[in-house]
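*Asks:* All chains should be built: construct the whole structure from the sequences, respecting the hints.
Sequences listed follow chains A and B, in order. Residue 164 in numbering that gives the first Met the number 0 sits at position 165 of the first sequence; the count goes up by one each step and never skips. Residue 176 in numbering that gives the first Met the number 0 sits at position 177 of the second sequence; the count goes up by one each step and never skips.
For the record, the hints were derived by calculation from the structure and aren't laboratory data. Since this is a predicted model, take the numbers as computed values, not measurements. There could be a bad hint or two in this list.
Just some of the chain A residues that point at chain B, by a computed CB distance under 7 angstroms [as the list claims (entries may be wrong)]:
no.: 1; residue: SER96
no.: 2; residue: PHE106
no.: 3; residue: ILE118
no.: 4; residue: ALA126
no.: 5; residue: LEU131
no.: 6; residue: ALA159
no.: 7; residue: LEU166
no.: 8; residue: ALA332
no.: 9; residue: ALA335
no.: 10; residue: VAL342
Across the chosen pairs, the derived CB separations fall in these ranges [unchecked claim]:
no.: 11; chain 1: B; residue 1: SER271; chain 2: A; residue 2: ALA307; range: 51 to 57 angstroms
no.: 12; chain 1: A; residue 1: GLY194; chain 2: B; residue 2: GLY113; range: 40 to 46 angstroms
no.: 13; chain 1: A; residue 1: GLY78; chain 2: B; residue 2: PRO56; range: 34 to 40 angstroms
no.: 14; chain 1: A; residue 1: PRO317; chain 2: B; residue 2: ASP5; range: 45 to 51 angstroms
no.: 15; chain 1: A; residue 1: THR316; chain 2: B; residue 2: ASP331; range: 46 to 52 angstroms
no.: 16; chain 1: A; residue 1: VAL169; chain 2: B; residue 2: LYS45; range: 22 to 28 angstroms
no.: 17; chain 1: B; residue 1: ALA300; chain 2: A; residue 2: GLU234; range: 55 to 61 angstroms
no.: 18; chain 1: A; residue 1: SER204; chain 2: B; residue 2: VAL194; range: 44 to 50 angstroms
no.: 19; chain 1: A; residue 1: PRO208; chain 2: B; residue 2: ASP317; range: 54 to 60 angstroms
no.: 20; chain 1: B; residue 1: ILE64; chain 2: A; residue 2: PRO317; range: 53 to 59 angstroms
Beta carbons: idealized from backbone N, C-alpha and C, even for Gly.
So the chains spell out like this:
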Amino acid sequence: MKQSRTAEADQLVEFYRRMVLIRKFELSADQMYKRAKVGGYCHLNLGEEASVVGLMDALRPTDYLFTNYRDHGYALMRGMDTGKVMAELFGKSTGVSKGRGGSMHLFDTEKRMLGGYGIVGGQIPPATGAALALTYRGAPGPDAEAVMCQMGDGTTNIGAFHESLNLAAVWSLPIVYVVINNRLGMGTTVEMAAGEPELYKRGASYRIPGVRADGGDVLAVRQAATEALDQARTERRPALLELMSYRLRGHSVVDPARYRSAADVETAQKADPVPALRAQLIADGTLTEKQAAAIETKVDGEVAAAVAFADAGPDPTPDQLFDYAYATPVPNAPTALPGERMVVLP
Amino acid sequence: MSTEADKTTLVTYRQALNDALRSEMSRDDKVILVGEEIGIFEGSYKITAGLLTEFGPERVRDTPIAEEGFVGAAIGAAMLGMRPVVEIMTLNFSLIAIDQIVNHAAKIYGMFGGQQSVPMVIRMPGGGGQQLAATHSQNLEVWYAHVPGLKVVAPSTPADAKALLLAAIRDDDPVIFLENLALYNTKGEVPAGDVPAEIGRAAVVKEGTDLTVIAYSRATTIAVEVARQMAEEGISVEVVDLRSLRPLDRPTICASVRKTGRAVVLEDDWLSYGIGAEISATLMEGAFDYLDAPVRRVAAAEVPLPYAKPLERRALPDAGDLRRVILELLDDTSFES
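*Replies:* The structure is reproduced here in structure tokens:
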């Protein structure tokens, strides 16, 4: 039986599809890592799908995004091509950063995804400066651009976090700082690391209003992010948003997370937003089991195509090593390979 | 035919920097100044004097004491099309911002596959000799010169201070612009026009035939002075002013030493792993067969620079040290003038 759904229900179904895309992309990335197709560090958004989808739906194409290294889902939700994101994980020339950055360093100028950053907290001062640049572009208002800067809970202990919030406050910058509080900085709990473990309160020293929302509730996330962004656009006031979330796996794909108790793991699994939204949509009649399965199958196809695209892409070649040494070429830039002479005798 | 651009004026290194900043801010409204005490206070060393009045607080932006924060903010502003010129009060304080400089400014262009340039300048003075003691007197330029993705320039004259600052501001990469406390009051002829220098080129600032002294920043002024004195004694010293520490102009260095056959590096940084070590290695590759004797290095003594004047003076390389080493090297190679 074909039933017509409300726009709201349609929206939720679309959110479910996006969450499934992140989930399946991440599970695939994990597999590809284990098959040595992906190297280096690889951090997954598993368990944080509702937060990622809600945030990215609130962010407009004209806004700018800076994230930490747990950036795959954000890149996908920013509209970056699934295949090119996977290709970056594979280190291919066809990757979003041409194979120069890898998993932690996804970037797309056009989509205004200004980087995943591997250094904890490294993205916060540049994001703050991006918001500063926006103040030279025009007046605040409902159509003004804004910046979103995502980070993890452990990052709120770093100096750059506090320096940046202070700058945003004294300069009245249009930026929303988003803390994904998955309760663990690698293996360190928030309570072990933070003098004020209710992280949304940490903006108080800078008179930056803080809001805490349920990171597992995609609509609550979108609502909170939209409000914070509106405030940034219209009043040019920074905001701090804390999303309570869970990490389903280890810190990165190689971390078995043995430091977690069985009870903690069970809590995280119970809070898993993907099956939760699925169950909700089926329970309230928005989706049938068959329709849900069809969405999932379609996403499986998209992820499989992304892997195939990544696999087929060419590796960068050594002759391209110095291609992006400088944006403005200058004489005498070094181009010696290991063992080669820096000075070539005539 | 002489043109307006050929005219020169005698100004201080400080004034040359101030002129270059004013000129670039007038030319391009994307150029903003960012730093501690650069507006109302006009800069700790008055490099930004008058600019707040002329351009207003949005373009001459005083910051809180937060080097990591405001250097990083300048990176982000540059990513969105601004051309920030950051002043760090002294090079020593740049260590607080080094994650943003080395892990971010230097990486963003290459690491993201050439999608995003970071057109910014970080100006800061280094150098000892002012009785500021160990933490305020360092020459850590080699830390930055070591890092791909950065450009590092170190002008020694007012003319170069202006020309290299013009070039640095117009360059799309992050440029570390190294000033020196001892140079701010030095004077020199500066062309009236705005002609940027080429980053990556050294200059033979005094021609000679017997020996080459390679130097940069304050050390160049000492080298030129010693070369002039020695010319009167019949010793012809060539002085190569590096001007750019990254990229390093190896061909110019090697060409000079192939001509003279003798080389001395004068540098204000510490000897071990310093700029002179890199120059020496360069000459091993590019002038080995032309050298009459091993390269000599004249650098700072390897101690945290003491406050007391006699100790500070002895720790830093001076004209006497350079002169003595030149004479030793000439003696070792049986030089007769």
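*Asks:* Hints first: check each against the structure and report whether it holds.
*Replies:* Comparing the hints with the structure gives:
{"no.": "1", "hint": "SER96", "in the structure": "holds (4 angstroms)"}
{"no.": "2", "hint": "PHE106", "in the structure": "holds (4 angstroms)"}
{"no.": "3", "hint": "ILE118", "in the structure": "holds (5 angstroms)"}
{"no.": "4", "hint": "ALA126", "in the structure": "holds (6 angstroms)"}
{"no.": "5", "hint": "LEU131", "in the structure": "holds (5 angstroms)"}
{"no.": "6", "hint": "ALA159", "in the structure": "holds (5 angstroms)"}
{"no.": "7", "hint": "LEU166", "in the structure": "holds (5 angstroms)"}
{"no.": "8", "hint": "ALA332", "in the structure": "holds (5 angstroms)"}
{"no.": "9", "hint": "ALA335", "in the structure": "violated (10 angstroms)"}
{"no.": "10", "hint": "VAL342", "in the structure": "holds (3 angstroms)"}
{"no.": "11", "hint": "SER271/B - ALA307/A: 51 to 57 angstroms", "in the structure": "holds (53 angstroms)"}
{"no.": "12", "hint": "GLY194/A - GLY113/B: 40 to 46 angstroms", "in the structure": "holds (42 angstroms)"}
{"no.": "13", "hint": "GLY78/A - PRO56/B: 34 to 40 angstroms", "in the structure": "holds (37 angstroms)"}
{"no.": "14", "hint": "PRO317/A - ASP5/B: 45 to 51 angstroms", "in the structure": "holds (47 angstroms)"}
{"no.": "15", "hint": "THR316/A - ASP331/B: 46 to 52 angstroms", "in the structure": "holds (49 angstroms)"}
{"no.": "16", "hint": "VAL169/A - LYS45/B: 22 to 28 angstroms", "in the structure": "holds (24 angstroms)"}
{"no.": "17", "hint": "ALA300/B - GLU234/A: 55 to 61 angstroms", "in the structure": "holds (56 angstroms)"}
{"no.": "18", "hint": "SER204/A - VAL194/B: 44 to 50 angstroms", "in the structure": "holds (48 angstroms)"}
{"no.": "19", "hint": "PRO208/A - ASP317/B: 54 to 60 angstroms", "in the structure": "holds (58 angstroms)"}
{"no.": "20", "hint": "ILE64/B - PRO317/A: 53 to 59 angstroms", "in the structure": "violated (45 angstroms)"}
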